[in-house]
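Undergrad: All chains should be built: construct the whole structure from the sequences, respecting the hints.
As given, the protein sequences belong to chains A and B, one line each in that order.
Just so we're aligned: the first sequence equals residues 1 to 113 in our numbering.
Just so we're aligned: the second sequence equals residues 1 to 110 in our numbering.
Because the hints were derived from the structure by calculation, they are not lab data.
Predicted model, so just to flag it, every value in this text is computed and none were measured.
Incorrect hints may appear among the rest.
Covered stretches of chain B, going by a simulated chain A footprint (3 or more residues, C-beta under 8 Å) [claimed, not checked]:
no.: 1; stretch: 20–34
no.: 2; stretch: 61–70
Some chain A residues well away from chain B (every beta-carbon gap over 12 Å; in silico) [to be verified]:
no.: 3; residue: Arg13
no.: 4; residue: Leu49
no.: 5; residue: Glu52
no.: 6; residue: Arg64
no.: 7; residue: Glu72
no.: 8; residue: Gln80
Even glycine gets a Cβ: it sits at the ideal position worked out from N, Cα and C.
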Amino acid sequence: NAGVMQNPRHLVRRRGQEARLRCSPVKGHSHVYWYRQLPEEGLKFMVYLQKENIIDESGMPKERFSAEFPKEGPSILRIQQVVRGDSAAYFCASSPASQGTQYFGPGTRLTVL
Amino acid sequence: KQEVTQIPAALSVPEGENLVLNCSFTDSAIYNLQWFRQDPGKGLTSLLLIQSSQREQTSGRLNASLDKSSGRSTLYIAASQPGDSATYLCAVEYGNKLVFGAGTILRVKS
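TA: The structure is reproduced here in structure tokens:
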């Protein structure tokens with residue numbers, strides 16, 4: 001019974017490139033959350049999605065960042081034209097309902113050169 | 001503003017000691033509170049979840065309490081072991097998002 005899976009685990013991009021982070025929730029979970037952990041900082045909420053819908057994106061930067069959770073396939077967090085300040089660990093979590101335990105993936109560590 | 005604070009920021013204890021980690025939150029309108037463990041370079045492992053209507057939860061050597069009215073939670077670890085060394089995160093659920101504290105870095109010396 002696989003938990004939340006994220007790939008890649010490590011991603012290196014040069015400034016100006018695009019980063020695509022993938023998250024496969026626990027089987028049967030239809031709620032996905034993305035969090036970002038900047039160096040030496042705590043985790044910060046970015047976005048909450050249900051299948052095909054963005055429910056709360058109050059933590060997403062207004063530009064360059066987008067997220068989707070299609071009917072089929074993983075959730076994707078996309079960062080366009082990356083900058084050095086985007087270097088962080090990006091964690092995905094899933095839950096079976098809108099409130100309750102969130103199960104976290106191992107994270108994707110993005111490094112922008 | 002919804003803020004979560006954890007004290008102490010770091011803690012070093014000899015093996016076998018009982019210890020308490022503290023978490024406080026500014027907005028008492030919570031759905032639940034979770035304690036997580038994070039090992040260096042790894043993801044988060046959920047330790048305990050306390051619903052807003054509950055006062056405490058126990059799992060093995062761990063006991064977490066919640067006092068919503070005062071905006072506080074404590075995580076009690078009994079008979080600490082070197083394998084308990086990690087960062088412990090307190091997270092409060094508001095609506096559909098978790099608000100995290102900065103964590104307590106715990107080191108248990110053998």
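Undergrad: Please go over all the hints and tell whether each is borne out by the structure.
TA: Each hint tested on the structure:
Check result for the stretch 20–34 of chain B against chain A: holds, 3 residues qualifying (beta carbon to beta carbon below 8 Å, three or more required). Counting residues of the stretch 61–70 of chain B whose C-beta lies closer than 8 Å to any C-beta of chain A gives 0; at least three are required, and the coverage claim is violated. With a cut of 12 Å on Cβ distances, Arg13(A) stays outside the contact zone with chain B, its closest approach being about 19 Å. Once the 12 Å rule is applied to beta carbons, Leu49(A) is inconsistent with being away from chain B; the minimum gap is 10 Å.
No beta-carbon of chain B is positioned within 12 Å of the beta-carbon of Glu52(A); the least distance is around 16 Å. Every CB of chain B is more than 12 Å from the CB of Arg64(A) (nearest about 21 Å), matching its label as outside the interface. Once the 12 Å rule is applied to beta carbons, Glu72(A) is consistent with being away from chain B; the minimum gap is 23 Å. Against chain B, the non-interface label of Gln80(A) holds: every CB pair exceeds 12 Å, the least being about 24 Å.
In the structure shown, a violation is registered for the earlier hints numbered 2, 4, in ascending order.
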